[in-house]
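Residue numbering for the sequence shown follows my numbering, beginning at 103 and increasing consecutively.
Because the hints were derived from the structure by calculation, they are not lab data. It is possible that some hints are incorrect.
To be verified - Each pair of labels, with its calculated beta carbon distance range:
| no. | residue 1 | residue 2 | range |
| --- | --- | --- | --- |
| 1 | Leu283 | Leu109 | 33 to 39 Å |
| 2 | Pro315 | Ala128 | 26 to 32 Å |
| 3 | Arg127 | Leu283 | 40 to 46 Å |
| 4 | Pro315 | Pro204 | 54 to 60 Å |
| 5 | Asp373 | Pro292 | 19 to 25 Å |
| 6 | Arg350 | Thr379 | 34 to 40 Å |
Each residue gets a CB set at the ideal place from its N, CA and C atoms; glycine is no exception.
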Amino acid sequence: MPAPTVLMGAVAYDPKVVTIWEGFRAWLRGRGLDFDFVLYSHYERQVEDLVAGRIDAAWNSPLAWLRAERLATANGTAVRALTMRDTDQDLTSIVVVRAESPVRQLADLAGQAVAVGAVDSPQATLIPLGHLAAAGVTVDVRRFDVGVGLHGDHIGGERDAARALMAGEVDAACMIDANHLAFVQEGTLPPEGTRIVAQTARYDHCNMTVRAPESDGVRLFGTLLLGMSYADPQVRPLLDLEGLTAWRDGRTTGYDALAEAVDASGFYSPDGRVTATDYRP
103 MPAPTVLMGA VAYDPKVVTI WEGFRAWLRG RGLDFDFVLY SHYERQVEDL
153 VAGRIDAAWN SPLAWLRAER LATANGTAVR ALTMRDTDQD LTSIVVVRAE
203 SPVRQLADLA GQAVAVGAVD SPQATLIPLG HLAAAGVTVD VRRFDVGVGL
253 HGDHIGGERD AARALMAGEV DAACMIDANH LAFVQEGTLP PEGTRIVAQT
303 ARYDHCNMTV RAPESDGVRL FGTLLLGMSY ADPQVRPLLD LEGLTAWRDG
353 RTTGYDALAE AVDASGFYSP DGRVTATDYR P
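Let's have the full structure, built from the sequences with the hints guiding it.
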């Protein structure tokens, strides 16, 4: 009997993506799954191919998940989140100012210049701007469009926003909390040089999106991912590159804030069409 097959899509936001999935492919094939992957230059085509059935699974950003869900519903089909990383759950974005800034609370930013990441970054643009809007705070948004189409996976725009803050070009900058720490460690932000003035509610990030109902191959794919052990010397370096210690069952309860921001900004239509006027992946 032939081995179950799965073709997965992944977006090539960094050269390490090839290393990661080539390594996972060897591991998965060694456990009876005929697995392969294709790379995309942006998420929009990946989502469209998943919904059309040209691939079996898609390693999706949270924004790509929302579009896949909307497109599938509009086409009379369904998708579900098969798995996600342990590090994809319960994240927050923050708004930071320079340590010496007179800004003490979110309301103080009214009318001020606030730097964000790329137009399609959930973590550094859509979610934090939605948080500001929900608080009734209108700001002068300064966007740093790096890697448009990668849904914020390329954090260059987020990093440029942090640099603009320290250069005094803006009054505040938005970023995911983990990158705030990373930017300090790499020297983009000086230690003790910034102060957090707002933090969003918790949300979830990427998930492995699949069409429902799943094939035997997709079910085996999920089982094998969940069975990966950080103690396994073959996969541990790959897990480190992908930024996780364990795969978890997928969930979709952590996307409400992003969905609200997408609707408020008109990024996608309810049926999954790209409607953001200044978004060209």
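Evaluated hints:
Roughly 36 Å separates the CB atoms of Leu283 and Leu109, a value that falls within the hinted 33 to 39 Å. At about 28 Å, the beta-carbon gap between Pro315 and Ala128 stays in the expected band of 26 to 32 Å. Separation of Arg127 from Leu283 is about 32 Å and departs from the stated range, judged on CB atoms against 40 to 46 Å. For the pair Pro315 and Pro204, the supplied restraint of 54 to 60 Å holds, since their beta-carbon distance comes to about 57 Å.
The supplied range of 19 to 25 Å is broken by Asp373 and Pro292, whose beta-carbon atoms lie about 46 Å from each other. Between Arg350 and Thr379 the beta carbon distance is about 36 Å. The supplied range of 34 to 40 Å therefore holds.
Checked against the numbered hints above, the structure breaks hints 3 and 5 and satisfies the rest.
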